[in-house]
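Novice: Sequence:
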Amino acid sequence: MPYGARRAAAWEGTAHQVGSPQAGDLLTTVTQDTGTGLAAGAADTAAAVVAEEAAAPQAEAAAAPQGAAVAALDNAVAAPDGDVPTRPRPTRPVRRRRPWTVGGLHVLQLVVWEAAVAAVLTVHRQSPAVLVPVAVVATLAVLLTAVRVRGRWLHQWLGLWLRFRARRRSVALGGPGDTTADVARTVLDSLARGSSLGLLRVGDDEVGTIVHTTGLSVLVETSPEGGDPTAEATRTLPPLTALLPPVEDDDATVPALAVQLLVQTVPAPAWAGADDPAALSYRQLTGGTVPARRRCWVALQVVRRPDDDGTADLEAPLVNGLRRLRRQLERAGLRTQVLGPDDLAAALIGVAGLEAGPQGLPRGGDAALTGARVTETWTGWSAGTVVHTTFRLLDWPSLESPAGQELVDRLGTSTAVSTTVSLAARRVSADQVELATSLRVVLPGSAALDDVTARLQAEATSCGARVERLDGRQAAGMAAAVAFGGFLR
13 MPYGARRAAA
23 WEGTAHQVGS
33 PQAGDLLTTV
43 TQDTGTGLAA
53 GAADTAAAVV
63 AEEAAAPQAE
73 AAAAPQGAAV
83 AALDNAVAAP
93 DGDVPTRPRP
103 TRPVRRRRPW
113 TVGGLHVLQL
123 VVWEAAVAAV
133 LTVHRQSPAV
143 LVPVAVVATL
153 AVLLTAVRVR
163 GRWLHQWLGL
173 WLRFRARRRS
183 VALGGPGDTT
193 ADVARTVLDS
203 LARGSSLGLL
213 RVGDDEVGTI
223 VHTTGLSVLV
233 ETSPEGGDPT
243 AEATRTLPPL
253 TALLPPVEDD
263 DATVPALAVQ
273 LLVQTVPAPA
283 WAGADDPAAL
293 SYRQLTGGTV
303 PARRRCWVAL
313 QVVRRPDDDG
323 TADLEAPLVN
333 GLRRLRRQLE
343 RAGLRTQVLG
353 PDDLAAALIG
363 VAGLEAGPQG
373 LPRGGDAALT
383 GARVTETWTG
393 WSAGTVVHTT
403 FRLLDWPSLE
413 SPAGQELVDR
423 LGTSTAVSTT
433 VSLAARRVSA
443 DQVELATSLR
453 VVLPGSAALD
463 DVTARLQAEA
473 TSCGARVERL
483 DGRQAAGMAA
493 AVAFGGFLR
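According to the numbering used here, the sequence shown is numbered sequentially starting from 13.
Be aware that one or more of the hints could be misleading.
Per label pair, the in silico range of CB-to-CB distance [stated by the list, open to error]:
#1 Gly163 to Ala459: 25 to 33 angstroms
#2 Leu133 to Thr225: 43 to 51 angstroms
#3 Val135 to Ala470: 47 to 55 angstroms
#4 Asp378 to Asp325: 35 to 43 angstroms
#5 Pro188 to Thr473: 45 to 53 angstroms
#6 Val161 to Ala130: 24 to 32 angstroms
#7 Ser139 to Ser441: 56 to 64 angstroms
#8 Val149 to Leu174: 16 to 24 angstroms
No lab work stands behind these hints, which were simulated from the structure alone.
Yeah, the Cβ is synthetic: ideal placement off N, Cα and C, and Gly gets one too.
Kindly generate the complete structure, drawing on both the sequences and the hints.
Specialist: Okay, structure coming up:
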């Protein structure tokens with residue numbers, strides 16, 4: 013694998029799932045929220061943490077032959093730089109129990125079962141006209157709260173389906189005369205209502221921002237500093253915990269910061285079907301691990317406080333955090349480019365397969381937007397002609413194992429389609445870090461969905477990991493894999 017020449021102390025943990033109020037099903041952490049599935053809906057709370065971060069390993073950032081930086085998901089949460097002790101204390105997952113749960117069951121489930129039994133016993137001497145309806149309702153209530161399908165209770169699937177049917181799922185991508193920025197705003201608003209583009213001045217430079225209900229975000233692209241662009245280079249990416257504010261700076265008067273790592277892998281050749289001879293030959297020659305292109309971005313998010321009405325109070329912390337982030341990355345031998353308004357808009361419309369053209373318009377003009385829509389389906393999310401599907405990472409193998417060290421490479425190249433892995437982190441206390449992960453895959457067409465899903469799940473299983481497609485939560489999955497900062501409450 014291109015990164016991995018340097019490995020730090022042992023860190024073994026299993027990622028499990030917790031719910032998220034709005035990001036829906038995307039918080040994957042090294043703790044388990046007892047008895048819930050991932051994203052059980054708006055009532056779920058994000059409650060996962062990583063404890064004793066001081067012993068976790070560092071991430072590696074590498075360059076593909078094209079010179080793009082690579083960040084490793086499996087090593088992305090680590091302690092600040094320092095000497096590795098001879099006998100390091102391994103990171104231990106902390107299991108946080110959900111409130112009102114008993115043995116993995118929510119108290120309300122137990123109440124429903126007791127109420128169902130009591131209702132039937134109350135009317136069991138009544139006529140069939142009374143007994144039958146009560147028995148049917150009681151049976152349905154028990155089935156909905158006692159039967160699990162694919163890791164979820166039936167009532168959770170029902171709630172998920174109702175929310176899916178109730179929300180807006182299709183909007184026009186653009187109209188006549190729309191600029192690149194207009195299309196980018198449409199994409200953002202379709203993923204998180206009320207989101208838009210903004211502008212921030214940092215010295216003499218203009219920086220593009222994403223304004224959303226959770227806060228304010230900027231995007232930084234990284235690449236190796238110097239070196240031969242045709243040769244593979246390796247750089248050490250600072251650990252995510254080092255990019256977060258120091259513990260001593262963390263107080264209630266300062267807005268919290270979140271850092272999101274985005275790694276996009278484009279294998280070669282592009283997908284042409286499961287049995288495409290070119291793709292098969294390429295995978296045989298390279299072992300399926302050499303991408304045609306790989307890029308790495310770091311998004312920085314300032315979290316909005318309840319009393320923050322606008323963005324003015326968020327700008328100063330964001331500027332300070334951005335300067336600190338760039339210093340950390342540049343010390344690691346990485347070039348950094350903060351995306352300006354035009355570059356940020358161009359990056360966002362890329363999810364729709366569009367490119368920025370002259371005069372601030374999408375390449376192809378109105379013809380490229382005619383009839384194009386942003387649509388969420390149960391199993392995918394599409395913009396224009398590009399179809400995406402998203403996954404959650406349920407758990408991963410020991411990071412000491414070869415499979416664990418190669419997890420990102422293998423997930424990114426196993427399907428021969430463009431894949432984006434997202435990992436975000438934010439502090440929840442002095443010694444706890446919350447993680448959010450997502451995996452986004454660009455499909456060559458709807459017909460390839462099952463095959464791509466099977467390949468990705470098989471590759472993850474061979475690594476000792478598990479991924480699950482976010483059926484019914486595709487817009488939330490897309491939002492987690494776009495540069496919002498990884499957390500949307």
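Novice: Hint by hint, note whether the structure agrees.
Specialist: Evaluation of the provided hints:
1. Gly163 to Ala459: 25 to 33 angstroms: 26 angstroms, holds
2. Leu133 to Thr225: 43 to 51 angstroms: 48 angstroms, holds
3. Val135 to Ala470: 47 to 55 angstroms: The hinted range 47 to 55 angstroms holds for Val135 and Ala470, with Cβ atoms some 51 angstroms apart.
4. Asp378 to Asp325: 35 to 43 angstroms: About 39 angstroms separates the Cβ atoms of Asp378 and Asp325, which means 35 to 43 angstroms holds.
5. Pro188 to Thr473: 45 to 53 angstroms: 48 angstroms, holds
6. Val161 to Ala130: 24 to 32 angstroms: 27 angstroms, holds
7. Ser139 to Ser441: 56 to 64 angstroms: 60 angstroms, holds
8. Val149 to Leu174: 16 to 24 angstroms: Cβ of Val149 to Cβ of Leu174: about 18 angstroms, so the range 16 to 24 angstroms holds.
The earlier numbered hints are all upheld by this structure, with none contradicted.
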